[in-house]
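Enquirer: In terms of the working numbering, the sequence shown opens at residue 1 and continues consecutively.
If you are wondering where the hints come from, they were derived from the structure by calculation, not from laboratory data.
Each hint should be verified, as a subset may be incorrect.
List time: in silico EDC-like cross-link candidates among lysine to aspartate or glutamate, alpha-carbon distance up to 16 Å [said to hold, decoys possible]:
1) Lys314 x Glu390
2) Lys314 x Asp272
3) Lys320 x Asp242
4) Lys176 x Asp68
5) Lys285 x Glu263
6) Lys285 x Asp271
7) Lys320 x Asp88
8) Lys368 x Asp297
9) Lys389 x Glu299
10) Lys276 x Glu134
11) Lys78 x Glu134
12) Lys388 x Asp272
13) Lys388 x Asp297
14) Lys231 x Glu108
15) Lys286 x Asp296
16) Lys360 x Asp242
17) Lys320 x Asp68
18) Lys348 x Asp242
19) Lys231 x Asp259
20) Lys289 x Glu299
21) Lys356 x Asp369
22) Lys286 x Glu299
23) Lys276 x Glu304
24) Lys169 x Asp191
25) Lys320 x Asp382
26) Lys368 x Glu293
27) Lys169 x Asp68
If you anchor each label on the Cβ, the simulated ranges turn out as follows [what the hints assert, rightly or not]:
28) Gly147 x Glu385: 51 to 59 Å
29) Thr117 x Gln149: 16 to 24 Å
30) Gln149 x Val355: 46 to 54 Å
31) Met109 x Gly163: 16 to 24 Å
Nothing here was measured: the structure is a model prediction, and the numbers come from that model.
For each residue, glycine too, the CB sits at the ideal point set by N, CA and C.
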Amino acid sequence: MRRVPALNSLGHFKRSSLKLLRVSSSLSHNLPNPMSSLSRQTSSCSIMLSPLEDLSKKEVEPIIYQVDLMSNWGHPDKIACSAIWFLDKERHIINPTKISSIPYSTPEMLNRLSGVTLLKQEENLLWYNQWPPEETNQISLVFFLPGDQTPAYARIWNTTSLGDASVRKVSISCGKEILYIGEIPRCYGTDVQLSQQFVKPTNSFEIIEELFGKKDKANILNDKYGLMPLKPVKQVEITILDNYGGQQYFGLNAIDFYDENYESIPWSHIDDIIIKNCARFSDPKKLFKDIKETDDDSEMFVAEIDKENHATPKISILFKNPVFISQAVFWNYNSPSRGVSIGAKYVKLSMHNSVKWCGKIKKATGLKDSVGGSTTAVWFIDIEELYKKEYNTNHG
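Take these sequences, add in the hints, and give me the full structure.
Expert: Right, dumping it as structure tokens:
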């Protein structure tokens, strides 16, 4: 019996330098000296056009505010936003001098977040990006605001045209201080109040270096033989291609995911489960229950097939943070009440829209005592040590 543990690269900000105008004597005796109206100066003398103190007063170092986009509302491959504005106490817009991002987004795309138009419907006017991004678990938008202005609010506005691609969870910070963390409504927007109980960082260039110059690369899994073909992912999608004969429903008892240490990835690490192309369905949380040895229909996930639209059912699992998945285990529908024929038969598993496995999973028996023997385990890496851990877990 299977036992399961219960910038955009930044331009340099150059300080304004003193402009010097060198006075030289005319090289031609036939031409008038263009500086003859000035008081007499030798040819090696220079004239300051602006005093040092005046220039330094005009120079204002930018302050960097970072907006981290941590999730969307369920779209499998896109995140989009109509506008992100910073506002002062009177809710006047503070125009950024520059916007950058990690991962890279073009200046033209980033500029769509600012401007004077709040509501945008056409996709060519919206900011959008791949979601989830490759090799990171969030998108960081970096706003350079004038240092002599302090934002009191951030206005984050979603589009109504891209639904589930709307920005959901966001975090706003300045330096190491978190000013706001929360959710933005789907297909709508809000003004969020920023905490004012912090001291602005004195050196924005250190923040730039920390954000962009020393950006850590995503973890890559290694063993004694070198790099392993396994990357951390935030999204897994399971497509039900066929069942064992049920005409109206399909069902699954449970799904397990194991990490690079062959530890079961718990429910607490899952951010959301999106069910697609189904007319009705039971609570998808049942797929990640602790006790899987059951023949009770009420404890399993069941969905009604949307035959009217001829759509293929899909289960999209979103993780809170990127995880390594070394193995997936399918526990098929195991209740005699609807019949085990509604159990999934052919399944496709994708990670970030890349197909990793497609095949047949075992049909359950409908008996509680034999549930573990009818599971289907799918490996994504070939490591002897993990095979031993699997054996010890299931036979220990």
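Enquirer: Decide, hint by hint, whether the structure agrees.
Expert: Structure-based check of all given hints:
1. With a C-alpha separation of about 28 Å, the suggested pairing of Lys314 with Glu390 is violated against the 16 Å cut-off.
2. A hinted pair counts as satisfied when its Cα atoms are at most 16 Å apart, and Lys314 with Asp272 qualifies at roughly 14 Å.
3. A distance of roughly 29 Å separates the Cα atoms of Lys320 and Asp242; the hinted pair therefore is violated under the 16 Å criterion.
4. Of the supplied pair hints, the one linking Lys176 and Asp68 holds, its CA atoms being roughly 13 Å apart against a limit of 16 Å.
5. Pair hint Lys285 plus Glu263 does not hold up; C-alpha atoms about 19 Å apart against a cutoff of 16 Å.
6. Only pairs whose Cα atoms come within 16 Å are accepted, and Lys285 paired with Asp271 is accepted, the gap being roughly 11 Å.
7. For the given pair, Lys320 sits about 32 Å from Asp88 by alpha-carbon distance, which is inconsistent with the 16 Å threshold.
8. Only pairs whose Cα atoms come within 16 Å are accepted, and Lys368 paired with Asp297 is accepted, the gap being roughly 11 Å.
9. With a C-alpha separation of about 28 Å, the suggested pair Lys389 and Glu299 falls outside the 16 Å cut-off, and the hint is violated.
10. Of the pairs offered as hints, the one joining Lys276 and Glu134 is violated, with about 23 Å between alpha carbons and a cut-off of 16 Å exceeded.
11. About 12 Å separates the Cα atoms of Lys78 and Glu134, which keeps this hinted pair within 16 Å; it holds.
12. For the given pair, Lys388 sits about 31 Å from Asp272 by alpha-carbon distance, which is inconsistent with the 16 Å threshold.
13. Pair hint Lys388 plus Asp297 does not hold up; C-alpha atoms about 33 Å apart against a cutoff of 16 Å.
14. Between Lys231 and Glu108, the direct Cα distance comes to roughly 30 Å. Violation of the 16 Å bound is thereby established for this hinted pair.
15. Proximity of Lys286 to Asp296 is assessed by CA-CA distance (about 12 Å); at most 16 Å being required, the pair is judged to hold.
16. Restraint check: the Cα-Cα separation between Lys360 and Asp242 comes to about 9 Å, which is no more than 16 Å; the hinted pair holds.
17. Distance check on the hinted pair: Lys320 and Asp68 sit about 14 Å apart at the alpha-carbon level, within 16 Å; holds.
18. Only pairs whose Cα atoms come within 16 Å are accepted, and Lys348 paired with Asp242 is accepted, the gap being roughly 10 Å.
19. Between the alpha carbons of Lys231 and Asp259 the distance comes to roughly 11 Å, so the proposed pair stays at or under 16 Å and holds.
20. Taken as a hint, the Lys289 and Glu299 pair is honoured in the structure, with Cα atoms around 9 Å apart against an allowance of 16 Å.
21. With a CA separation close to 31 Å, the supplied pair Lys356 and Asp369 exceeds the 16 Å bound.
22. At most 16 Å may separate the alpha-carbon atoms for a hinted pair to count; Lys286 and Glu299 meet this at roughly 6 Å.
23. Taken as a hint, the Lys276 and Glu304 pair is honoured in the structure, with Cα atoms around 11 Å apart against an allowance of 16 Å.
24. As the CA atoms of Lys169 and Asp191 are separated by approximately 14 Å, the hinted pair is consistent with the 16 Å bound.
25. Straight-line distance between C-alpha atoms of Lys320 and Asp382 comes to about 26 Å, which puts the hinted pair past the 16 Å bound.
26. Of the pairs offered as hints, the one joining Lys368 and Glu293 holds, with about 6 Å between alpha carbons and a cut-off of 16 Å not exceeded.
27. Pair hint Lys169 plus Asp68 holds up; C-alpha atoms about 8 Å apart against a cutoff of 16 Å.
28. The supplied range of 51 to 59 Å is met by Gly147 and Glu385, whose beta-carbon atoms lie about 53 Å from each other.
29. Taken as a hint, the range 16 to 24 Å holds for the pair Thr117 and Gln149, whose Cβ atoms sit roughly 21 Å apart.
30. Taking the beta carbon of each, Gln149 and Val355 are about 49 Å apart, inside 46 to 54 Å as hinted.
31. Distance hint check: the CB atoms of Met109 and Gly163 are about 20 Å apart, consistent with the given range 16 to 24 Å.
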